[in-house]
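Protein chains: 2
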Amino acid sequence: MQTFIINSEGYNVYVGNSYGPLQTFLEEKKYAKTFILADTNTSEKCLPKFTEKLPLLKEYDIIEIDAGEAHKNIDYCIGIWKMLLDFGAGRDSLLINLGGGMVTDMGSFAASTYKRGIDFIQVPTTLLSQVDASVGGKTGIDMDHVKNIIGTFTNPEAVFIDTDFLYTLPRRELLSGFAEMIKHGLICDSGYYFDLQSNAMGSVDNAMIFHSVNIKNKIVLEDPKERNIRKALNFGHTIGHAVESYSLAHDKDPLLHGEAIAIGMICEAWLSHTKTGLEESALTDIKNFLLAYYPNYRIPEGAFAELAEFMKKDKKNEKGTINFTLLEGIGKFVINQTCTEEEIRQALVLYNGLFK
Amino acid sequence: MQTFIINSEGYNVYVGNSYGPLQTFLEEKKYAKTFILADTNTSEKCLPKFTEKLPLLKEYDIIEIDAGEAHKNIDYCIGIWKMLLDFGAGRDSLLINLGGGMVTDMGSFAASTYKRGIDFIQVPTTLLSQVDASVGGKTGIDMDHVKNIIGTFTNPEAVFIDTDFLYTLPRRELLSGFAEMIKHGLICDSGYYFDLQSNAMGSVDNAMIFHSVNIKNKIVLEDPKERNIRKALNFGHTIGHAVESYSLAHDKDPLLHGEAIAIGMICEAWLSHTKTGLEESALTDIKNFLLAYYPNYRIPEGAFAELAEFMKKDKKNEKGTINFTLLEGIGKFVINQTCTEEEIRQALVLYNGLFK
Ligand SMILES: NC(=O)c1ccc[n+]([C@@H]2O[C@H](COP(=O)([O-])OP(=O)(O)OC[C@H]3O[C@@H](n4cnc5c(N)ncnc54)[C@H](O)[C@@H]3O)[C@@H](O)[C@H]2O)c1
Ligand SMILES: NC(=O)c1ccc[n+]([C@@H]2O[C@H](COP(=O)([O-])OP(=O)(O)OC[C@H]3O[C@@H](n4cnc5c(N)ncnc54)[C@H](O)[C@@H]3O)[C@@H](O)[C@H]2O)c1
Ligand SMILES: [Zn+2]
Ligand SMILES: [Zn+2]
Chain A
819 MQTFIINSEG YNVYVGNSYG PLQTFLEEKK YAKTFILADT NTSEKCLPKF
869 TEKLPLLKEY DIIEIDAGEA HKNIDYCIGI WKMLLDFGAG RDSLLINLGG
919 GMVTDMGSFA ASTYKRGIDF IQVPTTLLSQ VDASVGGKTG IDMDHVKNII
969 GTFTNPEAVF IDTDFLYTLP RRELLSGFAE MIKHGLICDS GYYFDLQSNA
1019 MGSVDNAMIF HSVNIKNKIV LEDPKERNIR KALNFGHTIG HAVESYSLAH
1069 DKDPLLHGEA IAIGMICEAW LSHTKTGLEE SALTDIKNFL LAYYPNYRIP
1119 EGAFAELAEF MKKDKKNEKG TINFTLLEGI GKFVINQTCT EEEIRQALVL
1169 YNGLFK
Chain B
819 MQTFIINSEG YNVYVGNSYG PLQTFLEEKK YAKTFILADT NTSEKCLPKF
869 TEKLPLLKEY DIIEIDAGEA HKNIDYCIGI WKMLLDFGAG RDSLLINLGG
919 GMVTDMGSFA ASTYKRGIDF IQVPTTLLSQ VDASVGGKTG IDMDHVKNII
969 GTFTNPEAVF IDTDFLYTLP RRELLSGFAE MIKHGLICDS GYYFDLQSNA
1019 MGSVDNAMIF HSVNIKNKIV LEDPKERNIR KALNFGHTIG HAVESYSLAH
1069 DKDPLLHGEA IAIGMICEAW LSHTKTGLEE SALTDIKNFL LAYYPNYRIP
1119 EGAFAELAEF MKKDKKNEKG TINFTLLEGI GKFVINQTCT EEEIRQALVL
1169 YNGLFK
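As given, the protein sequences belong to chains A and B, one line each in that order. Going by the numbering used here, the residue at position 237 of the first sequence is 1055; the numbering climbs one at a time, nothing skipped. Going by the numbering used here, the residue at position 129 of the second sequence is 947; the numbering climbs one at a time, nothing skipped.
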């Protein structure tokens, strides 16, 4: 199997056959201690595969946390810090984050702050974390239902993507990651967007993951601290994040990140149509594509004020306004757009109206 | 009054008349919101002086925390994060840390992780924080009685040192900072060491603070991430930190940082004498100087094992050994020394024996 290699800010992302490079990495670095962070699911479904393919990794301690976004918080982070401390992790230790974006985000935040920073590598096991959380250096945890409100920008030593992990991933989770791939197409590669449409989730393969990681990587390399063009990646995320936070706070079975982003993309495509020239036909195409795959989530009118509150608390805002990235066309983004609360409300009403 | 300016890693440290530059800084940056973090003491004793000298700083929110090292922990840090969130701090906000090292360390950690990093400035109000915590980019909080175990390396936008704050500082706190100045002399400037001795705390002035900050700054600029020569600054700190942690865990009125470091310097001067050639006369000089100013703290023999545990947990250690910086002479440090537990025990016994 081919290995695709992407050079990011001073580290490599390996897609495909990545155990050779990982083995070499471990042999060269000679860490005094190695820790593997996994959640209850990845510890069962991914850890055995992982260690089997790495016969030379003999000694390691496992830090297991409860699965789910609700646990991506400071309490669990403290738990990780204390485990590292109790197990005697020094600055010459390595943390391997084996899991979805919840594990890679929180694990990398814990590593970036433990003893002012120890080395970590990412082994993303969900489609979402493979195509999205794998590059960009964002680490973080949630607080008071605000996503990633606490975090750092810290790069891993390397990222190793193995698509084999996806076999055990529930279809809902797969679709959650697929939403980010659609986003990559929508913001800068219309060809890729239409490819994804015709491929229709038939098979997400290494080449597609490589393509998505590459798109994201090019953007973050140009603007690592999100001062300008990195904001392209926020398409669908201003409203999407608010819907996600709202759902996390209220629903027993909350929306997944990608599901919320799909809703956000529909709403923001509508805003793009009314404000930045996205054609009606393109809007219809986006709506149909996304509605075919993602749940119909009814957002009660009474929730709009709370959603607006979440948007105002979002990290990306400056000077009290709510910042949007919109589309001028499929494959053409435009950053730093602002919308009024009334426009946002209309977008949500429109979304609700799609499945009467 | 003269303003001394020190260029550190991309930011300036102003000593002396620093309100002019601070005023200019605020005018240029035009932060959307300004927060001042202070503890119960600095909010009473320093905040009025500070705002009086900055008439143009009109709007700000105050975050007040309880004073004392025992509160430099994750619970208080969460409190700061939540206040920032509730008061609507965005990435275009500024946090002013007004206080001793406890406030500047925890405040800078909170700022460096809130929304993945907002700007902060340091206004150190104790001698210790002026001469030591003011440069080097170390942020941090304690956990499980281990000092600064969680933190980042993040530089402030600027540091403004005003020695006027020292008038209200208790003499014990002043001496705590003085210990770090003595350390600066001991590791690289014998002339400065003897100056401090003859000055004998008569007056700590801007020029002396400038001299100390300069020594530390030169060292950290050469080695920001503490891979080699920055370890010079750890003289007295391997044993000192352990004694400090021990005292924090057991004493009602625990030792101050500088007081513990003074003990550490006596012990490590003795280790220097037995291992790295520090002359007997120099050892005696150091002992006499420090014992004249710092408390006689009896360390029970039964505590040695616990102290060794603290030393092993110290961030600076690699590959299971305990790392020391020792002296070859006054003004000449040598890094990466290791001592056996028996040698450390002997140093502690010797220290105990000094005041039978
Ligand atoms: N850092 C970034 O740039 C970035 C980018 C996008 C998303 N994120 C974050 O990522 C998180 C979402 O990521 P996610 O969707 O991967 O969430 P997740 O980590 O919670 O994983 C989703 C679920 O799948 C399970 N799982 C993971 N791998 C599996 C496998 N191979 N087989 C079976 N089950 C498996 C998990 O245990 C979990 O229950 C969010 O917290 C989001 O903020 C971060
Ligand atoms: N970041 C670094 O490089 C660095 C270097 C050295 C020490 N430190 C940290 O600094 C801390 C110790 O600093 P500290 O000694 O300044 O402690 P501190 O901040 O706890 O201050 C000591 C006491 O003096 C009070 N105080 C502060 N300014 C005052 C003033 N002007 N008038 C009256 N009272 C005042 C405080 O409220 C507190 O009670 C430790 O946590 C240590 O780890 C950090
Ligand atoms: Zn996303
Ligand atoms: Zn110190």
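If you are wondering where the hints come from, they were derived from the structure by calculation, not from laboratory data. Certain hints may be false.
Copies of one chain are not kept apart here, so a pair can be met inside one copy or by any two copies together.
Said to hold, decoys possible - Straight-line Cα separation of at most 30 Å, DSSO-like style, residue types lysine-lysine; simulated pairs:
#: 1; residue 1: 900; residue 2: 1093
#: 2; residue 1: 863; residue 2: 1150
#: 3; residue 1: 1150; residue 2: 848
#: 4; residue 1: 1150; residue 2: 1070
#: 5; residue 1: 1093; residue 2: 871
#: 6; residue 1: 876; residue 2: 1150
#: 7; residue 1: 847; residue 2: 1043
#: 8; residue 1: 1130; residue 2: 851
#: 9; residue 1: 1070; residue 2: 1036
#: 10; residue 1: 1105; residue 2: 900
#: 11; residue 1: 871; residue 2: 1043
#: 12; residue 1: 1105; residue 2: 871
#: 13; residue 1: 1150; residue 2: 1093
#: 14; residue 1: 1070; residue 2: 848
#: 15; residue 1: 1043; residue 2: 1130
#: 16; residue 1: 1130; residue 2: 900
Since the model is a prediction, treat every value here as computed from it, not as a measurement.
These are the hints, each one checked on the structure:
With identical chains, the CA atoms of residue 900 and residue 1093 are never at most 30 Å apart, being 50 Å at best within one copy and 35 Å at best between copies. In this assembly of identical chains, residue 863 and residue 1150 lie within 30 Å of each other by CA distance neither inside one copy nor across copies; the values are 39 Å within and 56 Å between. Taking CA atoms no more than 30 Å apart as the test, residue 1150 paired with residue 848 passes in neither setting, with 45 Å inside one copy and 33 Å between copies. Taking CA atoms no more than 30 Å apart as the test, residue 1150 paired with residue 1070 passes in neither setting, with 37 Å inside one copy and 64 Å between copies.
Proximity of residue 1093 to residue 871 under the C-alpha cut-off of 30 Å is found in neither arrangement, the shortest distances being 51 Å within a copy and 48 Å between copies. Within a single copy, residue 876 and residue 1150 get their C-alpha atoms no closer than 48 Å, and across copies no closer than 43 Å, so neither meets the 30 Å cut-off. Proximity of residue 847 to residue 1043 under the C-alpha cut-off of 30 Å is found in both arrangements, the shortest distances being 28 Å within a copy and 18 Å between copies. Only between protomers do residue 1130 and residue 851 lie at most 30 Å apart by alpha-carbon distance; the minimum there is 15 Å, versus 42 Å within a single protomer.
Within a single copy, residue 1070 and residue 1036 get their C-alpha atoms no closer than 38 Å, and across copies no closer than 56 Å, so neither meets the 30 Å cut-off. With identical chains, the CA atoms of residue 1105 and residue 900 are never at most 30 Å apart, being 46 Å at best within one copy and 37 Å at best between copies. In the homo-oligomer, the alpha carbons of residue 871 and residue 1043 never lie at most 30 Å apart, since the shortest distance is 35 Å inside one protomer and 34 Å across protomers. Proximity of residue 1105 and residue 871 under a CA criterion of 30 Å is satisfied in neither setting, with 42 Å inside one chain copy and 58 Å between copies.
Proximity of residue 1150 and residue 1093 under a CA criterion of 30 Å is satisfied intra-copy only: 14 Å inside one chain copy versus 68 Å between copies. In the homo-oligomer, the alpha carbons of residue 1070 and residue 848 never lie at most 30 Å apart, since the shortest distance is 45 Å inside one protomer and 43 Å across protomers. In the homo-oligomer, the alpha carbons of residue 1043 and residue 1130 lie at most 30 Å apart inside one protomer (20 Å), although the nearest pairing across protomers, at 36 Å, exceeds that limit. Proximity of residue 1130 and residue 900 under a CA criterion of 30 Å is satisfied inter-copy only: 15 Å between copies versus 34 Å inside one chain copy.
Hint compliance for this structure: hints 1, 2, 3, 4, 5, 6, 9, 10, 11, 12 and 14 are broken, all remaining hints hold.
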